[in-house]
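Undergrad: Sequence:
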Amino acid sequence: MKKLMIVLACLDVLVLALLLMGYPQRWFLPETAEESSSNILYYTPETLSSQESSGAYAMASHVTVYTVRTYEGRIGIFLNDSEVPFEELDVDVGLLPEADQVLLEEGIRVTDREHLNRLIEDYES
Numbered sequence: 001m002k003k004l005m006i007v008l009a010c011l012d013v014l015v016l017a018l019l020l021m022g023y024p025q026r027w028f029l030p031e032t033a034e035e036s037s038s039n040i041l042y043y044t045p046e047t048l049s050s051q052e053s054s055g056a057y058a059m060a061s062h063v064t065v066y067t068v069r070t071y072e073g074r075i076g077i078f079l080n081d082s083e084v085p086f087e088e089l090d091v092d093v094g095l096l097p098e099a100d101q102v103l104l105e106e107g108i109r110v111t112d113r114e115h116l117n118r119l120i121e122d123y124e125s
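Per the working numbering, the very first residue in the sequence shown carries number 1; after that it's consecutive.
The reader is advised that the hints may include incorrect statements.
[As the list claims (entries may be wrong)] Between beta-carbon pairs, the in silico distance windows are: (1) 11 - 81: 58 to 64 Å; (2) 63 - 99: 22 to 28 Å; (3) 79 - 13: 55 to 61 Å; (4) 125 - 63: 25 to 31 Å; (5) 122 - 81: 20 to 26 Å; (6) 118 - 90: 16 to 22 Å; (7) 112 - 74: 20 to 26 Å; (8) 118 - 14: 44 to 50 Å; (9) 11 - 63: 47 to 53 Å; (10) 11 - 121: 51 to 57 Å; (11) 114 - 90: 18 to 24 Å; (12) 80 - 102: 21 to 27 Å.
Keep in mind the hints are simulated off the structure, nothing from the lab. Even glycine gets a Cβ: it sits at the ideal position worked out from N, Cα and C.
Work out the full structure, taking the sequences as your base and the hints as a guide.
TA: The following block contains the structure:
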């Protein structure tokens with residue numbers, strides 16, 4: 001009986017310690033995309049635009065960065081810091097929603113071909 005009381009007391013202390021540290025709270029909160037992947041630059045918000053907002057991203061020098069932005073009234077796709085696009089989309093930027101036009105003026109940056117292809121598909125459809 002004495003051993004059972006000691007085990008129950010230890011269990012109580014352990015549960016109390018876990019509660020004070022906030023563990024149950026973490027168990028029930030869903031993991032967000034930002035926590036699971038720290039290198040994602042592209043996402044599609046549902047409010048203002050169909051594209052991401054650009055920002056200042058700290059990149060490693062070995063990472064290929066594609067920038068999708070306005071080029072001569074159309075959409076140009078630039079590799080790293082190139083001034084000339086390696087691909088142009090036959091999409092008139094003036095016909096896009098104003099929010100997309102602003103994003104394209106600033107430039108939308110992505111780091112992999114899969115996200116670039118999704119972005120191209122979004123604008124060509």
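Undergrad: Just to be sure I understand the hint, the distance between the Cβ atoms of residue 114 and residue 90 should be within 18 to 24 Å; is that true here?
TA: Since residue 114 and residue 90 have Cβ atoms about 22 Å apart, the given range 18 to 24 Å holds.
Undergrad: Should the hint that residue 80 and residue 102 are 21 to 27 Å apart at their CB atoms be regarded as holding?
TA: Cβ of residue 80 to Cβ of residue 102: about 23 Å, so the range 21 to 27 Å holds.
Undergrad: Do residue 11 and residue 63 keep their Cβ atoms within the hinted range of 47 to 53 Å?
TA: holds, 49 Å
Undergrad: Taking 55 to 61 Å as the hint, is the beta-carbon distance of residue 79 and residue 13 inside that range?
TA: holds, 59 Å
Undergrad: Indicate whether the distance between the beta carbons of residue 63 and residue 99 respects the range 22 to 28 Å.
TA: holds, 27 Å
Undergrad: Is it true that the C-beta distance of residue 112 to residue 74 lies inside 20 to 26 Å, as the hint says?
TA: holds, 23 Å
Undergrad: Mind checking the hinted window 16 to 22 Å against the Cβ distance between residue 118 and residue 90?
TA: holds, 18 Å
Undergrad: Take the C-beta atom of residue 122 and the C-beta atom of residue 81, compute their distance, and say whether it sits inside 20 to 26 Å.
TA: Once the Cβ atoms are compared, 24 Å apart, the range 20 to 26 Å for residue 81 and residue 122 holds.
Undergrad: For the range 25 to 31 Å, tell me whether the beta carbons of residue 125 and residue 63 fit it or not.
TA: holds, 28 Å
Undergrad: Within 51 to 57 Å: is that where the Cβ-Cβ distance between residue 11 and residue 121 falls?
TA: holds, 55 Å
Undergrad: Assuming the hint says 58 to 64 Å, is it satisfied by the Cβ distance from residue 11 to residue 81 or not?
TA: holds, 60 Å
Undergrad: Falls inside 44 to 50 Å, the C-beta gap from residue 118 to residue 14?
TA: Because 47 Å falls inside the window, the suggested range holds.
Comparing the model with each numbered hint stated earlier shows that all of them hold.
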